[in-house]
Amino acid sequence: MNRWFPSPPLSIALLTVWLLLNQSLAPAHLLLGTFLAVVVPLLSRPLRPLAPVPFRKPVVMARLLASSLVEIVRSCFNVSRIILFTKPKGLNSQFIRVPLDLKNPHGLALLSCLINSTPGTVWVEILPGTHDLALHVFDLHDEQWWIDTIKTRYEQPLIEIFDY
Amino acid sequence: MNLGIDTVTPWVGLPVVMLLLLGSIIVLIGALGLVRLPNFYQRIHGPAITITLGAGCILIASMIFFTALQSRLVIHELLITAFVLLTAPVVAMLIMRAAVYRDLRAASRNHSPGSDEVYQFPREK
Chain A
22 MNRWFPSPPL SIALLTVWLL LNQSLAPAHL LLGTFLAVVV PLLSRPLRPL APVPFRKPVV
82 MARLLASSLV EIVRSCFNVS RIILFTKPKG LNSQFIRVPL DLKNPHGLAL LSCLINSTPG
142 TVWVEILPGT HDLALHVFDL HDEQWWIDTI KTRYEQPLIE IFDY
Chain B
31 MNLGIDTVTP WVGLPVVMLL LLGSIIVLIG ALGLVRLPNF YQRIHGPAIT ITLGAGCILI
91 ASMIFFTALQ SRLVIHELLI TAFVLLTAPV VAMLIMRAAV YRDLRAASRN HSPGSDEVYQ
151 FPREK
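Protein sequence lines, in the order shown, are assigned to chains A and B.
To convert, take the position in the first sequence, counting from 1, and add 21; that gives this note's numbering.
To convert, take the position in the second sequence, counting from 1, and add 30; that gives this note's numbering.
Among these hints, one or two may not hold up.
What the hints assert, rightly or not - Some but not every residue of chain A turned toward chain B, in silico, with C-beta under 7 Å:
{"no.": "1", "residue": "F106"}
{"no.": "2", "residue": "P109"}
{"no.": "3", "residue": "N137"}
{"no.": "4", "residue": "F159"}
Claimed, not checked - Far from chain B, some chain A residues (derived; all Cβ distances over 12 Å):
{"no.": "5", "residue": "P48"}
{"no.": "6", "residue": "P70"}
{"no.": "7", "residue": "M82"}
{"no.": "8", "residue": "A87"}
No lab work stands behind these hints: they were computed from the structure.
Even for Gly, the Cβ is constructed at its ideal location relative to N, Cα and C.
Model the full assembly from the supplied sequences, consistent with the hints where possible.
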């Protein structure tokens with residue numbers, strides 16, 4: 022199993038992408054897609070420095086993605102409102118420091134994608150020598166609120182999924 | 031060129047038009063943010079809404095419209111969504127870091143004491 026499918030989620034994703042690209046469920050496409058799904062992960066395995074993580078806790082993951090989606094839509098409207106109606110001088114754009122407990126690189130990658138997809142916040146970097154995240158916030162009112170939100174809403178589920 | 035637009039029922043056309051309208055307005059606001067906001071760190075937040083909600087609305091409209099028009103499931107727009115959501119955050123992070131390091135270098139070239147801290151976090155309480 023592990024020898025031929027180093028990462029089942031990657032294989033499934035490749036097959037899905039292939040079928041979506043061709044917009045068909047014909048046996049020929051299924052066959053070719055399955056072939057790609059087996060061969061590509063094997064060929065690309067040397068390119069992955071870290072071992073693929075087993076896919077755990079799909080429910081927690083689904084809940085995390087759903088709540089991020091809601092958050093993305095909500096902050097989209099917030100940012101639009103600020104751009105349209107707030108004077109740029111009155112904006113309090115700031116860098117804040119968020120101490121992180123999450124250590125797993127896959128988890129951190131997903132966290133950065135979720136934070137950067139949410140309008141109004143941009144992940145800058147993990148400060149060298151520390152485990153603190155530098156985060157740029159578009160319109161900062163309450164620093165502690167941002168830190169609490171990121172830690173409870175995003176980081177906690179990710180620790181559950183990746184750090185164990 | 032006849033796309034067969036007149037054969038689509040209003041029940042399909044109405045949500046498609048609403049979504050397209052919302053998406054275009056969001057994209058316009060994002061572009062406006064790029065023009066209006068004064069400094070770089072603020073301007074980077076403008077296109078973020080274009081990428082997420084603007085592109086999302088237009089892609090959902092496209093899925094509904096072509097599914098109704100061709101009477102089959104047309105969902106390969108999901109691929110565009112996936113690729114945009116995978117690449118846009120990485121690009122935003124790279125641009126942001128490039129800007130931060132540019133400012134760091136400018137600060138160290140000026141040798142002004144105390145200004146080598148680009149981030150300027152709010153004071154610790």
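Verification of the supplied hints:
1. F106: With a minimum Cβ separation of about 11 Å from chain B (threshold 7 Å), the hint on F106 of chain A is violated.
2. P109: holds (5 Å)
3. N137: At 3 Å from the nearest chain B Cβ, N137 of chain A passes the 7 Å test, so the hint holds.
4. F159: For F159 of chain A, the interface hint holds, since the closest Cβ of chain B sits about 4 Å away, which is under 7 Å.
5. P48: P48 of chain A is indeed farther than 12 Å from all Cβ atoms of chain B, at 18 Å.
6. P70: At roughly 17 Å from the nearest Cβ of chain B, P70 of chain A sits farther out than 12 Å, so the non-interface label holds.
7. M82: holds (15 Å)
8. A87: holds (14 Å)
The structure does not agree with numbered hint 1 stated previously, though it agrees with all others.
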